[in-house]
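**Q** The sequence shown begins at 201 in this note's numbering and counts up one residue at a time.
FYI, nobody ran anything at the bench for these hints, they're computed from the structure.
Just so it is clear, the structure is predicted and the values come from calculations on it, not from any experiment.
All C-beta atoms, glycine included, are put in the ideal place defined by N, C-alpha and C.
One thing to keep in mind: the hints can contain errors.
Said to hold, decoys possible - Label-pair ranges, simulated between beta-carbon atoms:
{"hint": "1", "residue 1": "Ile237", "residue 2": "Arg279", "range": "20 to 30 Å"}
{"hint": "2", "residue 1": "Asp225", "residue 2": "Val275", "range": "46 to 56 Å"}
{"hint": "3", "residue 1": "Leu250", "residue 2": "Phe204", "range": "12 to 22 Å"}
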Amino acid sequence: MPDFVVLSLGQGASWTAMWVVAGQDVPAQRQGVASGIAATAQQVGAALGLAVLVMVATAPLAASAPADAVREATVVSARMRRIPLAHGR
201 MPDFVVLSLG
211 QGASWTAMWV
221 VAGQDVPAQR
231 QGVASGIAAT
241 AQQVGAALGL
251 AVLVMVATAP
261 LAASAPADAV
271 REATVVSARM
281 RRIPLAHGR
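Working from the sequences, and respecting the hints, build out all of it.
**A** Written out as structure tokens, the structure is:
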């Protein structure tokens with residue numbers, strides 16, 4: 201649980217600062233455009249970051265056949281879903 205507290209504090213501080221900077225020195229009639237550009241940049245950055253993380257995480261599977269990689273990914277996913285159940289949640 202403490203991890204979520206640290207994550208919440210960090211995101212609260214950084215997101216607030218990001219939106220303030222995105223709207224700084226922007227005329228009132230252009231605030232929507234500035235907000236849209238900031239939101240789009242955030243989503244694109246998240247998608248690219250996730251793609252890089254997946255690429256790094258699956259690099260060891262690259263040498264195996266595609267069917268083996270899919271099977272391994274399915275097993276890992278199934279194990280991850282059972283973790284909360286094992287803790288009674």
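**Q** Of all the hints given earlier, name the ones this structure violates by number, lowest first.
**A** 1
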